[in-house]
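Number of protein chains: 2
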Amino acid sequence: MFNQKYAEIKPWSVRKMIADGEITWQTSGMCSGYAQANLVILPQKDAYDFMLFAQRNPKSCPILEVSDTGSRSLRFIAENADIACDIPKYRVYEKGSLTGEYTDIEKLWRDDFVSFLIGCSFSFESMMLEAGIPVRHIEEGKNVPMYITDIDCVPAGKFSGKMVVSMRPIPYDQVVKAVTVTEQVPSVHGTPVHIGEPSLIGIKDINKPDFGDMVTINEGEIPVFWACGVTPQSVVMNSKPDIAITHAPGHMFITDIKNTDLKG
Amino acid sequence: MFNQKYAEIKPWSVRKMIADGEITWQTSGMCSGYAQANLVILPQKDAYDFMLFAQRNPKSCPILEVSDTGSRSLRFIAENADIACDIPKYRVYEKGSLTGEYTDIEKLWRDDFVSFLIGCSFSFESMMLEAGIPVRHIEEGKNVPMYITDIDCVPAGKFSGKMVVSMRPIPYDQVVKAVTVTEQVPSVHGTPVHIGEPSLIGIKDINKPDFGDMVTINEGEIPVFWACGVTPQSVVMNSKPDIAITHAPGHMFITDIKNTDLKG
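Heads up: the protein sequence lines correspond to chains A and B, in order. So for the first sequence, our numbering puts the first residue at 1; every next one is plus one. So for the second sequence, our numbering puts the first residue at 1; every next one is plus one.
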């Protein structure tokens, strides 16, 4: 499995390797059992609207922590972290356009930056696996398939847009378990937003995901859709703030929080 | 029971009676089955810090809805509501001092006001009663006893302070049920913050609540403490914003949301 070498290393050690430039690739599979997080950095002037957006769209945008304005440290989910160095790859967007990728953002840091750390489905996938539910894209060594739906997020201030969902094919006799397992972790997207009929949420062709890779849906399986952490990034990009910095897809922030501590 | 006459009337009708000045007293017992909410109104310049405070203190400050800036309407928890008229009694605080009580705040309304509607324990009490768990202050026709603890809320920007808790005596053999019932409703304070020994959370004399009335603790019962909606008000007052408007204690905003819809 990808990154197996780093599975048993503690988050603080891996974060240091990332900050030191020893790890520059995707973090999937690192620090087994620990939650990984999406990152959105915005200037303070846009932070209120974004926090309101998150409050109104908790499934798409489950906030794990919001930094103090200007601070590169976190208070709760990771000790001695430096949000400007501890992610393998960052993306900078200016007025909604990608203007660069960086392995650290120390030189770009501003005193008015606020960091939003947002729950990631890596956490609930580990719980699904423990419960004996297959996670197809992991089996197939792919990225999860993601789709832009026609479900409007609830707008807030300058932020609005469609919900992005991820899809996992689930055997019919494990659908209920997939709901009850993910119900336990509202801070990593919680229960599915739809089960079964892609067209009902505006997905025209299940075989053509908007992001990620298509995976095999076997006979006897049904596609199940969860709100996806790409939603807040996509919505932020749509609204074209002067500047926004995010992690590059798959290059997550690794927290000190165990997945099991995200329950309830 | 208090307000029994209004128990079976729908929230929108009762809100109209309140707006018309026909009801000017406490709302406990009105609109059976519907959630009631605490209110904190702050100017936009203080709203970000308060929302961050709520994000960091979800048990004390479970937000049901945040209005759009300047809007007297709500989008989600009540239709055709006017937040400036639909509460029987408001309190205005200037720099942390109570400067007036009003039956409506139309004349005080400002375009930069943001309204925070916060979950209220009335909701979980109705679930406890349904589950056969006694709620002593209701039995005794009193206000719930509340205590200022030595538990620090997690500070956010200008807001900081101690957690306020409410106490309900629970028979030993129903303590587990009291936990599991309230676990289902994180949006109205969720699980208890402490069970059993008041001194461990800084309460010197259980017989002398800081707010509300003392209730009887029978032989075979243990005091159980929940985070209380008075916490955000108390914290806001401590931080002395230029202006803050709240409901007067017990004079709540009645929503269109059923208590059962607050579950998970």
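No lab work stands behind these hints: they were computed from the structure. Check before you lean on any hint, since a few could be wrong.
Copies of one chain are not kept apart here, so a pair can be met inside one copy or by any two copies together.
[What the hints assert, rightly or not] Cross-link-like lysine-lysine pairs, in silico, DSSO-like; alpha carbons within 27 Å at most:
1) K45 / K240
2) K5 / K208
3) K263 / K208
4) K5 / K162
5) K204 / K107
6) K89 / K10
7) K158 / K5
8) K263 / K177
9) K177 / K16
10) K204 / K258
11) K10 / K240
12) K10 / K158
13) K263 / K59
14) K45 / K158
15) K59 / K142
16) K177 / K142
17) K95 / K45
18) K177 / K240
19) K5 / K45
20) K59 / K258
Predicted model only: the values in this text are computed from it and were never measured.
inquiry  = I'd like to know which numbered hints this structure contradicts. Please list them from smallest to largest.
reply    = 2, 3, 4, 5, 7, 9, 10, 11, 12, 18, 19
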